[in-house]
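So the protein sequences, as listed, match chains A and Z.
If you count the first sequence from 1, you need to add 2 to reach my numbering.
If you count the second sequence from 1, you need to add 197 to reach my numbering.
Please note: incorrect hints may appear among the correct ones.
Cross-link-like lysine to aspartate or glutamate pairs, in silico, EDC-like; alpha carbons within 20 Å at most [as the list claims (entries may be wrong)]:
hint, chain 1, residue 1, chain 2, residue 2
1, A, Lys163, A, Asp134
2, Z, Lys278, A, Asp308
3, Z, Lys216, A, Glu118
Pairwise CB distance ranges (calculated) [as the list claims (entries may be wrong)]:
hint, chain 1, residue 1, chain 2, residue 2, range
4, Z, Arg245, A, Pro160, 24 to 34 Å
5, Z, Ala424, A, Phe85, 42 to 52 Å
6, A, Lys166, Z, Ile415, 32 to 42 Å
7, A, Leu40, Z, Ser431, 31 to 41 Å
8, Z, Lys216, A, Gly152, 28 to 38 Å
9, A, Asp181, Z, Lys216, 35 to 45 Å
10, Z, Val311, A, Arg141, 53 to 63 Å
11, A, Asp181, Z, Ala430, 33 to 43 Å
12, A, Phe85, Z, Gln418, 21 to 31 Å
13, A, Phe85, Z, Arg245, 53 to 63 Å
14, A, Asp134, Z, Arg245, 33 to 43 Å
15, A, Asp134, Z, Asp385, 48 to 58 Å
16, A, Asp134, Z, Ile441, 20 to 30 Å
17, Z, Val311, A, Pro68, 35 to 45 Å
No lab work stands behind these hints, which were simulated from the structure alone.
Note that the Cβ used here is the ideal one computed from N, Cα and C, for glycine as well.
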Amino acid sequence: MIVARPAEADAAAPPGSARASARDVVLRAEDVRKTFRLGFFRKRVEAVRGISFTVERGEIFGFLGPNGAGKTTTLKMLMGLIFPTSGRVEALGRGVPDRAAKRRIGYLPETPYFYEYLTPEEFLDFAGALCDVPASARRRRADQLLARVGLDHARGRPLRKFSKGMLQRIGIAQALMGDPDVVVLDEPMTGLDPLGRKDVRDLILELGREGKTVLYSTHILPDVEMTCDRVAIVVGGRLRSVGRLASLLSARVLSTEIVLRPAPGHAGNGAGSPPGEVAGIPALPPGARRLPGEGDVALELPAGADVDAFLRAAQAGGAVIVSVTPRRESLEDLFVREAQEKRES
Amino acid sequence: MRRVAAVARNTFREAARNKILYSLLFFALALIASALALGQLSVHEERRMIRDVGLFGVDVFSVLIAIFVGVNLLYKELALKTVYTILPKPIARWEFVLGKWLGVMATLVAQIVVMGVAVAVTSWFEGGAEAVDAPLVKALWLLLMNVAIVTSVAMLFSSFSSPFLSGLFSLGVFVVGRSVPDVRALSDRIGDGTGRILSAGCAVLPNLHLFTPSGTAIGGQYVTVHAAPFVGASYLAWTSLYAIGYSAVVLGLAMLIFRRRDFV
Numbered sequence: 003m004i005v006a007r008p009a010e011a012d013a014a015a016p017p018g019s020a021r022a023s024a025r026d027v028v029l030r031a032e033d034v035r036k037t038f039r040l041g042f043f044r045k046r047v048e049a050v051r052g053i054s055f056t057v058e059r060g061e062i063f064g065f066l067g068p069n070g071a072g073k074t075t076t077l078k079m080l081m082g083l084i085f086p087t088s089g090r091v092e093a094l095g096r097g098v099p100d101r102a103a104k105r106r107i108g109y110l111p112e113t114p115y116f117y118e119y120l121t122p123e124e125f126l127d128f129a130g131a132l133c134d135v136p137a138s139a140r141r142r143r144a145d146q147l148l149a150r151v152g153l154d155h156a157r158g159r160p161l162r163k164f165s166k167g168m169l170q171r172i173g174i175a176q177a178l179m180g181d182p183d184v185v186v187l188d189e190p191m192t193g194l195d196p197l198g199r200k201d202v203r204d205l206i207l208e209l210g211r212e213g214k215t216v217l218y219s220t221h222i223l224p225d226v227e228m229t230c231d232r233v234a235i236v237v238g239g240r241l242r243s244v245g246r247l248a249s250l251l252s253a254r255v256l257s258t259e260i261v262l263r264p265a266p267g268h269a270g271n272g273a274g275s276p277p278g279e280v281a282g283i284p285a286l287p288p289g290a291r292r293l294p295g296e297g298d299v300a301l302e303l304p305a306g307a308d309v310d311a312f313l314r315a316a317q318a319g320g321a322v323i324v325s326v327t328p329r330r331e332s333l334e335d336l337f338v339r340e341a342q343e344k345r346e347s
Numbered sequence: 198m199r200r201v202a203a204v205a206r207n208t209f210r211e212a213a214r215n216k217i218l219y220s221l222l223f224f225a226l227a228l229i230a231s232a233l234a235l236g237q238l239s240v241h242e243e244r245r246m247i248r249d250v251g252l253f254g255v256d257v258f259s260v261l262i263a264i265f266v267g268v269n270l271l272y273k274e275l276a277l278k279t280v281y282t283i284l285p286k287p288i289a290r291w292e293f294v295l296g297k298w299l300g301v302m303a304t305l306v307a308q309i310v311v312m313g314v315a316v317a318v319t320s321w322f323e324g325g326a327e328a329v330d331a332p333l334v335k336a337l338w339l340l341l342m343n344v345a346i347v348t349s350v351a352m353l354f355s356s357f358s359s360p361f362l363s364g365l366f367s368l369g370v371f372v373v374g375r376s377v378p379d380v381r382a383l384s385d386r387i388g389d390g391t392g393r394i395l396s397a398g399c400a401v402l403p404n405l406h407l408f409t410p411s412g413t414a415i416g417g418q419y420v421t422v423h424a425a426p427f428v429g430a431s432y433l434a435w436t437s438l439y440a441i442g443y444s445a446v447v448l449g450l451a452m453l454i455f456r457r458r459d460f461v
């Protein structure tokens, strides 16, 4: 199903939470479209096809989508780098671009490029001057940010000698130079090693705790699950889902993973059993399968299988139930489902 | 103005760390120094030779530097995507273009001062203190005004074209601009449609001949950079106004193009 504006799947925020009361919108896209004309024959390419969403004050918002989904184009429209073909984008209640709004927004572009002849100190000083930070405060702020992103040791080195990960860090530092209320990061984890990714993830959470609004695009789903209050999924230039993760992910059980320890006389016989049969374990219901592994027997029962009856039968046969884990939809399942639905449609 | 100054400072810093510009400056200084040797070859015209060759060096190299820096200025920002980091900050696009232009002009002022000092030193070497006179300073000022226009033109082309094409166009405008009196005379002689086209071209293109008036007549007076007063204050004032006005119009066009551009 393709919808121009999916209904927000917002569950009520926990009562008393600071974010529950903060409902004012800081970024808004309303039926935004962007069509590029490429090549000699000015071929039309629709990069964004009517996207609408809002980002509320104080939340960490994940903007997800596969490569070429239109994430970067949408963020660039929010930053005033690209003009929408139609629709409206607003930042802090003002039409984009607006200088007063830009003063309160920090932005990290995708795979950022900087003036390679500058040192980090010079670059942050330049970024601070553009953000109207007084000269007296720029040095102090640059020192703080260099320490925060772990580049203290490289302050005198020209940016041309920086690794990709270091460039990403200095990019984040320049986005924070104006002490913005809203931070927009386009693929901030790109090019980072696992430690670097964790640092950026921690930084995003820290910014959230400081009360800043963070919007970031990515396709690294575990990071999103760990950091985001809400997410939007974009596929093929269209918004497929938007809302709180808990609401977007189906509560339905997709399958149940059961680990059993067979009765003592049967232990070790399971591995050679024919498919669908495990020694000392009741017959598997249709669609169930044994998961690979040694020792205890791990099984996966499909959705709809009578788990209770199976477990009773197993216990009656002398097996010990080690664990029962219902598997619900993950963000990755949702992401793949949305992408597949788009492909099929 | 703080943001414009920040962009200008950064542009100047970029030029100051560009080795190619130092190479061009080195060649200019070598040419100016060679005027001393050329002066020795002439008979009783040493001072004239030194000044002519020196000012020729300043003229050619300042224009080359203006075109080289001007055509790369905006294009590089787009090609290297550095503009993606700058424009989301609270700076208007026109401020960015103006800052870039001011940064190049600061670079050119520094280069012309260095080359001018070199010309003065070679002149002093040959003719003593009196060889460093007001006409020399006036000629250098006019060359600075000349490159103000050339830089603006180069930036206009660079706002929508590649550096190679922008360089070619800018060089074309410079060559035709320097030949405006000749083109005007030609258009008067031809008279018909072609003449009118040439005449219209002269009206649109900058009259860069104004900035090298030595050896021509101004207001019925023959002027030469080798004899005081060369040109008067009023000539300097109105040619400077012309340069600033023309640059402002051309920069305004570059700003308009830059204003509506998508940075994909």
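Verification of the hints:
1. A/Lys163 / A/Asp134: violated (28 Å)
2. Z/Lys278 / A/Asp308: Outside the cut-off at roughly 58 Å; violated.
3. Z/Lys216 / A/Glu118: holds (14 Å)
4. Z/Arg245 / A/Pro160: 24 to 34 Å: violated (46 Å)
5. Z/Ala424 / A/Phe85: 42 to 52 Å: violated (57 Å)
6. A/Lys166 / Z/Ile415: 32 to 42 Å: violated (60 Å)
7. A/Leu40 / Z/Ser431: 31 to 41 Å: violated (54 Å)
8. Z/Lys216 / A/Gly152: 28 to 38 Å: holds (32 Å)
9. A/Asp181 / Z/Lys216: 35 to 45 Å: Distance hint for A/Asp181, Z/Lys216 holds at roughly 37 Å.
10. Z/Val311 / A/Arg141: 53 to 63 Å: violated (31 Å)
11. A/Asp181 / Z/Ala430: 33 to 43 Å: Violated - the Cβ-Cβ distance for A/Asp181 and Z/Ala430, about 50 Å, lies outside 33 to 43 Å.
12. A/Phe85 / Z/Gln418: 21 to 31 Å: violated (55 Å)
13. A/Phe85 / Z/Arg245: 53 to 63 Å: Between A/Phe85 and Z/Arg245, where Cβ atoms are some 58 Å apart, the hint holds.
14. A/Asp134 / Z/Arg245: 33 to 43 Å: Because 54 Å falls outside the window, the suggested range is violated.
15. A/Asp134 / Z/Asp385: 48 to 58 Å: Since A/Asp134 and Z/Asp385 have Cβ atoms about 55 Å apart, the given range 48 to 58 Å holds.
16. A/Asp134 / Z/Ile441: 20 to 30 Å: holds (28 Å)
17. Z/Val311 / A/Pro68: 35 to 45 Å: violated (55 Å)
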